[in-house]
Amino acid sequence: MKVLTRAGTEAIQVPKKKPITGARAIAEAVKLADVDVIAAYPIRPYTGIMNALAEMIANGEFTAEIIVADSEHSQFEIAKHASAVGARTFVGSSGVGLAYAAEAVIVTAMDQLPVVAIAGCRALDDPGNFGMEWNDVLLFRDSGWLVSWAKDPQEALDMTLVAYRVAEDRRVMLPHFIAVDGATITHIAAPVDVPPKKDVTEFLPPYRPPYPLDPAYGPVTKAQHIAPSLIGPEQRKHVDVAMKRSREVIADAWRDYANYVGRKYDPFIEAFHMDNAEVALVTMGAYTINALRAVEEVRRDGVRAGLVRLRYFRPFPSWDLRRVLSGVEGVGVLDFSYSFGSPDSGGVLFNEVRAAMYEDPKPALDFLFLGGREPKPAEFVKALKILHEYVRTGKTPGDKRVFWLTLRGEDV
Amino acid sequence: MVALPEERSLGSSYLEELIWVAIHGRGVWHTGPATTLARTLAMAGMMAGRESYYYMRYDDSPERVNIPMMFYVVMGDPKVGVLLPEEVEPVGNLFSAVVVMDSGLLLKETSQRASLLDGVRDNAAIVVNTGLSPGQVTALLRKYQPSRGWSGKLVTVSASKYHTNVAFGLIGALLRAWNVVSLDHVLSALEVLKIDEGAGRAVASAYGDALVTEVVLSAEGSEAAREGGARVPELRAGSWDAETYREYQRALSQARGYEDRIRVMPRWEVIAPGLIEFGPRPGEKNLGFKTDFARIEAPVVDKTKCIDCKLCSYYCPDGAIDFKSIEVDYDYCKGCGVCARVCPVKAIRMVSELERVEGLEDPELKKLSLAVREYGY
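Residue numbers (this note's numbering), protein chains in the order written: chain D, 1 to 412; chain S, 1001 to 1377.
Just so you know, these hints were derived from the structure itself, not from any lab. Hints may be right or wrong, so weigh each one.
What the hints assert, rightly or not - With a cut-off of at most 25 Å between alpha-carbon atoms, the simulated PhoX-like pairs for lysine-lysine come out as follows:
1. D:395 to D:382
2. S:1194 to D:198
3. S:1346 to D:17
4. S:1346 to S:1367
5. D:16 to S:1079
6. D:17 to S:1079
7. S:1194 to D:16
8. S:1367 to D:197
9. D:264 to S:1346
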């Protein structure tokens, strides 16, 4: 499409993409997925998404039940129960709000209800810190939720659509978090292409719940009380098997997404400059592009650096990670999570990466960006320098393995 | 493996390769117009073939009324992409244009204690929505905004004359001194975004009317800069007592501009465990909690009418009106106007901060209308 200039002499090409915020992009995905029930409770950065959805519904752009809850706990209970009666549901929160919802969040997975939720990656604050940290999402890393991590508003939109497809697959039937790195995705307007409804409907048909709590489908009871001597590990095994099966389902879904919608992604990891990399950074989320710039910067100095981004945290793509890191001599994790007192006092991602590499260990360093303070591009370059020096000489400043690069004061 | 050169670092030069526009406004009042302005510029940038982003500075909490807040528009080469710094620091040579939606912002540093001139490139355009003359605006910049020396173009426009949304008048004015996108790009962007026809007319008219003035601000000439920067407190081993805390608060209150503020923020070793914030000594002010930056209007008490009933003091939500004798503490008054409402004898009048401090009346300041904000935060 082109529009004419005032003089009518010259045509200006209209780009396919328009700058829209990540919040709006996710709301567009929810609309395209034709969600039935949306549970809302305001918290940065989810507020932006629920406001955009409320506006769309008010404008008659689509129909959905939007329920404003009295708290995050009720909000996730609403989503859970709506899913149990057969609705396609959408919900989201962040930070301490997500922590407050914990009971409902965890039971949603054990009940195998395919709720799709946005997790806002907000610092678990003493009130006020709305910076980006991963620990709110990682509270639920062990709970049976699928967790994917978006890189930008476009991917947040795409991931939301794929999340419904994966979560609702009969082989999986698990709830799905899409982690977005706080305002860095929801409140940045970046060029986004919203796919046509027709393509999405073919990719994502309406949800057909297997055993909805609806008398029209016959009488069922869901999540009844049980004694562990009768049913215990058997229920957990279902979640375990579903999580294992999701690997194949996720790969299929992204392949189909490329076929129907036309945007192609490697399902589990995105690798940059890894063909001949000697050192590699591993990270997730929005700072990938900044990390890529740092990698390209040191490559100009002759350092063969590469970058790996995990697109899924659960299931954790150990197989892809081992394959892509097999040739490197050292790994540096750009980590926005903490786990005080963990092995080497490293972040959660660091220790997950090390666990995945246990059979083929690589020298690994952790670079922590905590408390929500934004890392600067120079700090990523510094991380690469420390890593490179470590691989070259076996030495690091202060003989440490874990570095707090944005800290003011001595990194003891 | 090769050894890396020691001094090579990415630094802010990397951000400086991108094209940045900073937009200054007031929380809630301007979040709507600032969004319109940023989105229109970003779309125009896309029309001009540049990868374009816009966002608000999240640290500022722009959902809070009156708070000085910033939006950014950033454009880059689509082949390279744009970095995603949400809280980009206003340092170095970033902004090729600065838009100021409210002339009251010329009086103070922002809530981040950044100067309007922090991070501004030489030869940049500073666009101010105001009914004041270019000479008056220049004098305010010189008096209140610390600068390391800057020269560029000042563009003034009464944006509310052209459209109820001041974004369009400001875009028209911006285009007079900033050529990253053309008027055609903006008009076609408005068409693509399906914004009403009046918007395009407003941009074109303001483009014709805006006043462009060359301005040179020397570092020595800036009164604000002359007052000097803050002194970083000495680090004493194991010290996180009340006195150390107060020393840092004092230093922060003296900081001039963004870099100075960051320089005096405490190291972790001097912050008390559990984030204790010590109060001031009796009779002293809590310098770390000044809230004057949030004030658009200020109460002025007419002592000849005041009957000393104390109602304003009781009602003041910030405890900023003294009880013994009715005096407003302008370090903490946020200008909410409750005191003027409750005064039984109408002895308190709300005037713009610009009028109270400088005796200047800016008609644009009287036209702030509650704009609908976009999508929340």
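We went through each hint and held it up to the structure:
no.	hint	result
1	D:395 to D:382	15 Å, holds
2	S:1194 to D:198	23 Å, holds
3	S:1346 to D:17	55 Å, violated
4	S:1346 to S:1367	23 Å, holds
5	D:16 to S:1079	16 Å, holds
6	D:17 to S:1079	15 Å, holds
7	S:1194 to D:16	15 Å, holds
8	S:1367 to D:197	42 Å, violated
9	D:264 to S:1346	67 Å, violated
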